[in-house]
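Student: These are the residues of each chain, in order.
Number of protein chains: 2
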Amino acid sequence: MSAIIGVDIGGTKLLAVRIDSAGSVAQEYRTDKPDDGSMMATAIANAVPELCGGDPIGALGVGVAGLVDHKTGTFVWGPHVDGVNVSLRDELESVVGSRVTVDNDANVTAFAEHRIGAGRGSSAMLMLTLGTGIGGAMVFGGEIYRGRGFAGEFGHARLARGDHQCECGQRGCWETEAAGPALERLARELIESDPHGSLAGALETRPVAGPAISAAAVAGDPQAIALIAQVGEAFGHGLASVITMFDPDRIVIGGGLGSIGELLLDPIRRSTGAARYAGAHNPLPTIVGAELGEHAGAIGAGLLAVEERAADE
Amino acid sequence: MSAIIGVDIGGTKLLAVRIDSAGSVAQEYRTDKPDDGSMMATAIANAVPELCGGDPIGALGVGVAGLVDHKTGTFVWGPHVDGVNVSLRDELESVVGSRVTVDNDANVTAFAEHRIGAGRGSSAMLMLTLGTGIGGAMVFGGEIYRGRGFAGEFGHARLARGDHQCECGQRGCWETEAAGPALERLARELIESDPHGSLAGALETRPVAGPAISAAAVAGDPQAIALIAQVGEAFGHGLASVITMFDPDRIVIGGGLGSIGELLLDPIRRSTGAARYAGAHNPLPTIVGAELGEHAGAIGAGLLAVEERAADE
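Order-wise, the sequence lines are chains A and B.
Residue numbers for the first sequence follow my numbering, so the first one is 776 and each next one is one higher.
Residue numbers for the second sequence follow my numbering, so the first one is 776 and each next one is one higher.
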């Protein structure tokens, strides 16, 4: 039996999986992410025998954080890996002797959610991931929409209400108000103004970190819940504009902060509904949490490789 | 020879054309727009014999301003025609005895520009029309992208830098700064602060109207040129965010204000370039003026009807 392999190279790790044709994970392999683009093909090739055992490669797909040219399989640039314009697909094909698919990590994550997760059956799906920033990807008519290759950088659309400086050099980017760092900023401000409040007590370490705030909210801390709601409200305000443009039928929310669930999704839905254009004629699309967790990117890379191989044959 | 007929029902008029298979207009017919949805099918049917002569209908397409459900051919709601949820396609098919295609006017306009105008060859085209508002439509992979049916309401995405009240009830909508009414507001303010300036002299009638300001700019009035540039700059600022999300390879600018050409397009390109995310890795897409003028919607309705008929056969 030939092996379907999917690989996800993110900010800190390389996660590779062997999946069956339905997308279920049969086996996984983890290692540190390669630090340099020139080491990516080798790092991936090292994972292959671990997952294939003696089986031949049936399909091999890779998702990488950063700008990826899917047509040529080139890693153009990324924030976590040195080197630009790495011909990852060609390098990897020559090492493993098999057809390879390379895409952006957000694209393959959305693809997995569309095929076997929270996006099943959607004809115009938007996936947004809330973490250190706001990433995004689109699956329209069942296919990944890429624009010229780099579509979906939602976090840097200027959809914030305030005018915070963004790390990208611009001001007012959506992610300055509606992602992890904004949550941490709000928590710092709250703790400073209310040093004996419940949140100050709930968070043991300084500086405060997003996951700890999320954990405090899940544990029931009212101040943490209010902060999550405030970020969700800012996110929903921008999302209303996104819906006005894209009119998706489903919005899948993922990412580290997104995985907190209804504590975030409920404020998002309320805020989006209130800020929605022509709401009377055009009801809110379904807004749901992602289903596939941290394996989504690797699963999606494998599933995409399978479909592209089938389309070639 | 069977006739290809395209109809565009806009804010004031009904424009119908007979085109050849290449989209060239052979004959046109104009009348006032119907005031009520119940009169739309009859108004269109009246145009048909005028354009067909004795020939049978080969294809008949209709574009209507407002929310249109293309799948069911329903006119859901529009600002210029009374009545909601009109089954326009079914009504018209039963009158003319031929297959009919119904879509939003912005969609068929963009479709025409893609097939025979400024969007030829684009794989991810965005058309934006600047007039009393900012309308939009998308042609991705050669097909109209509709979302759930109502995608492209760009004017009401909150991409303005200021916080002007919009007629839609929200604040900060893009079109409050970057469309005709914003140009008129800027002109009124300028004339008030500089009643003996060149613009006050160039504009003969009060209240000032957008087309007169455009005409003054084309005639070389420096204050009018500066106002057009100011609106273009506000438009470009929002467009940078749109590009960050959609990453189109071509942006076609149309509409009444858009038709002024380089006096508007140049400031748009400059402003978009300056506000662009990750510009070093991702150059600006091509930004061009529309080519087909006021017939574009009717032409596109006809061309879309031809392609949908062919897909059915």
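Just so you know, the hints here were simulated from the structure itself, not pulled from any lab data.
You may find that some hints are simply not true.
Copies of the same chain are indistinguishable here, so a pair counts whether it falls within one copy or spans any two.
As the list claims (entries may be wrong) - Straight-line C-alpha distance at most 25 Å; calculated SDA-like pairs for lysine to any residue:
1) Lys808 to Gly896
2) Lys808 to Arg963
3) Lys788 to Thr1061
4) Lys808 to Ala1053
5) Lys808 to Leu1059
6) Lys846 to Ile966
7) Lys788 to Asp1024
8) Lys846 to Ala1053
9) Lys846 to Leu1059
10) Lys846 to Pro1058
11) Lys846 to Asn1057
12) Lys846 to Thr1061
13) Lys846 to Gly917
14) Lys808 to Ser898
15) Lys788 to Gln945
16) Lys808 to Val993
17) Lys846 to Gly916
18) Lys846 to Gly858
None of these values were measured; they are calculated from a predicted model.
Student: The structure should be examined with respect to each hint, and the outcome stated for every one.
Tutor: Hints, verified against the model:
1. For the identical chains of this complex, Lys808 and Gly896 are neighbours neither inside a copy (33 Å) nor across copies (39 Å), given an alpha-carbon limit of 25 Å.
2. In the homo-oligomer, the alpha carbons of Lys808 and Arg963 never lie at most 25 Å apart, since the shortest distance is 31 Å inside one protomer and 59 Å across protomers.
3. With identical chains, the CA atoms of Lys788 and Thr1061 are never at most 25 Å apart, being 32 Å at best within one copy and 37 Å at best between copies.
4. For a Cα distance limit of 25 Å, the shortest separation of Lys808 from Ala1053 across copies, 23 Å, qualifies, whereas the shortest one inside one copy, 46 Å, does not.
5. In this assembly of identical chains, Lys808 and Leu1059 lie within 25 Å of each other by CA distance neither inside one copy nor across copies; the values are 39 Å within and 31 Å between.
6. Proximity of Lys846 and Ile966 under a CA criterion of 25 Å is satisfied in neither setting, with 48 Å inside one chain copy and 53 Å between copies.
7. Taking the closest pair of Cα atoms, Lys788 and Asp1024 never come within 25 Å of each other, the shortest separation being 33 Å inside a single copy and 33 Å across copies.
8. For a Cα distance limit of 25 Å, the shortest separation of Lys846 from Ala1053 across copies, 20 Å, qualifies, whereas the shortest one inside one copy, 38 Å, does not.
9. When the C-alpha separation of Lys846 and Leu1059 is checked against a cutoff of 25 Å, the pair qualifies only between copies, where the shortest distance is 19 Å, while the shortest distance within a copy is 34 Å.
10. Taking identical chains as interchangeable, the C-alpha atoms of Lys846 and Pro1058 lie at most 25 Å apart only when they sit on different chains, with a minimum of 17 Å there against 36 Å within one chain.
11. Taking the shortest Cα distances, Lys846 and Asn1057 sit within 25 Å of each other only across copies (15 Å), while inside one copy they are farther apart (36 Å).
12. When the C-alpha separation of Lys846 and Thr1061 is checked against a cutoff of 25 Å, the pair qualifies only between copies, where the shortest distance is 20 Å, while the shortest distance within a copy is 31 Å.
13. Within a single copy, Lys846 and Gly917 get their C-alpha atoms as close as 18 Å, and across copies as close as 18 Å, so both meet the 25 Å cut-off.
14. In this assembly of identical chains, the alpha carbons of Lys808 and Ser898 never lie at most 25 Å apart, being 34 Å within a copy and 34 Å across copies at closest.
15. For a Cα distance limit of 25 Å, the shortest separation of Lys788 from Gln945 qualifies neither inside one copy, at 29 Å, nor across copies, at 43 Å.
16. In this assembly of identical chains, the alpha carbons of Lys808 and Val993 never lie at most 25 Å apart, being 30 Å within a copy and 57 Å across copies at closest.
17. Taking the shortest alpha-carbon separations for Lys846 and Gly916, both the intra-copy value of 19 Å and the inter-copy value of 14 Å come in at or below 25 Å.
18. For the identical chains of this complex, Lys846 and Gly858 are intra-copy neighbours only, at 19 Å inside a copy versus 47 Å across copies, given an alpha-carbon limit of 25 Å.
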